[in-house]
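Asker: So you can see what is in the structure, the chains are spelled out below.
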Amino acid sequence: MRPMFIFGEIVNGLRRNLSMFISVVLVTFVSLTFVGAAGMLQMQINQMKGYWYDKVQVAIFLCSPGSTTANCSSGPVTKEQQDNLRKLLDSDAVRQYVNDYQFESQQEAYAHFKEQFANSPIVDSVTPDQLPSSFRVNLKDPQKYQIISESFSSQPGVESVIDQRQILEKLFSAMNTASIVAIGIAAIMIVCAALLIATTIRLSAFMRRKETAIMRLVGASKAVIQLPFILEGVLAAVVGALLASGAIWAISHFFLTGYLADQYKQTAFISDAQTLWLVPALIALGAVIAGVSSLFTLRKPLNA
Amino acid sequence: MIRFENVTKVHDPRAKPALDSVSVEIEGGEFVFLVGASGSGKSTFLKMIYREDVATSGSVYVAGHNVSTLTSWRVPKLRRKIGVVFQDFRILPQKNVYQNVAFAMQVIGASRARTKERVTDVLAMVGLEGMEKRMQHELSGGEQQRVAIARAVVNQPDILLADEPTGNLDPTTSEEITEVLKKINANGTTVVMATHDDDIVDRMRRRVIELSRGKVMRDEAKATYTSLIPKVTPATGTTGEAQA
Ligand SMILES: Nc1ncnc2c1ncn2[C@@H]1O[C@H](COP(=O)(O)OP(=O)(O)O)[C@@H](O)[C@H]1O
Ligand SMILES: [Mg+2]
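If you're matching them up, the sequences are chains A and B in order.
First residue of the first sequence: 1, per UniProt numbering; consecutive thereafter.
First residue of the second sequence: 1, per UniProt numbering; consecutive thereafter.
No lab work stands behind these hints, which were simulated from the structure alone.
Chain A is faced by these chain B residues, among others (derived, beta-carbon under 7 Å):
| id | residue |
| --- | --- |
| 1 | Val84 |
| 2 | Leu92 |
| 3 | Ala104 |
| 4 | Ile108 |
Note that this is a predicted model, so its numbers are computed, not measured.
Positions of the beta carbon are idealized from the N, C-alpha and C atoms, including for glycine.
Please model the entire structure based on the sequences and the hints provided.
Answerer: This is the structure:
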């Protein structure tokens, strides 16, 4: 087999069939970009889980002057109420579930708030006495949140008990849903890509029916006859995959690390290097889609 | 070289068979004319040899191999031993003369150097030297058929099959094309030529196999287009002087 000859046949085929080639490139580009975006979302979810799960706590917010809940109707938390809560946290019944806890004063809450929203004008409109003080509790087993909630939510001086993990779970499940939607769109687009590749191969087989007839007549092997068609489809899909890789890298570089990471310094975002791991996967996926689609198409004789 | 044993080919069960119990043997190096009315089964006969069609019953042997039972992945190997030319030339319009002939070698993996050497030789042999760069629209019918013949023999097949190769050509050009086939046959290639052209058959005086409705009607050495033996020859025959 002569690689240069086969390569020349592919280039000839592409020249004659350029608009179909471009449409295959674009469809695989869009579908694999969705696959890549879904992959990035999953990586981001894992990244955030790893980062947050050992940091998240149960927060027992104490009544502040601005509290409106019924439990706070008697006014801001008193020194005595605070001491009682501390005793309860140190009691044997609660201690067995708790790793450690800290008290966060209104001043500390304000300092944290300023840090987290450093770039936001909201900081200027918030004062320390608007933010509640709280006990930050690290649980031995994060699943045991219910026990803390039951013991503390109705204690005098407690505004509310919040499991930060549950807030994160909501965020993660939203991200998960988004990635499933992206996979769903990608699946439809991949079906489009596969059908389009099949149509392209049929069309280009039809346009080259004279050549293939001569090839069969003079005894060219099936591989030599079919390879240009298969490689044409695979080449288009790989070009599409490269464009998709470029797109997800651009999303990662300019949007994630360039913009979001700057806006939300507390959050751990995936890096460009991590995103690049998706590139070989996308290229392989593109090549497999095209290869499978063309093998299916070529099972019927090419001369039709 | 080629042997048909009771070969029957049925395309359409409601119609008469295209070939009906044909038994024929063709030796290596022979030049054979296959004659008969349109629809008598000449093309089908040739297709059995290069396995474009498979016999419904009976066996076809080519160079010692039973073609009827050949698996499809072995067909390319058989085809490399057989060259085929047609009435309609089948030149690839976007390739020039040289590329058309070289194509037959490239697709079976011949090296560039070997291809150049063989194509140059073969183009000279069919009388096309100096026309390497011409495209199809710059060639006469006769020249196009020479390209097709060059392509058919460039891989040095044992057998050359020609299905009405002069069917689209004027008498003088037909004569020239037949001379090329004769030259190829003189080099040892077995040639089987299906034709309607009585002038050529009568002048060449080679073996003639006549088909009629799929049956072999006549198989004669050094024969003419119309059999001289049983029929009363009418006055129209220019070759009528050859009385047995
Ligand atoms: N693919 C086919 N399907 C159905 N009938 C066919 C096919 N090929 C040939 N025939 C029939 O077989 C008979 C012989 O055809 P063919 O071999 O082409 O004759 P010739 O070449 O002598 O004109 C004809 O009656 C033709 O109609
Ligand atoms: Mg015919």
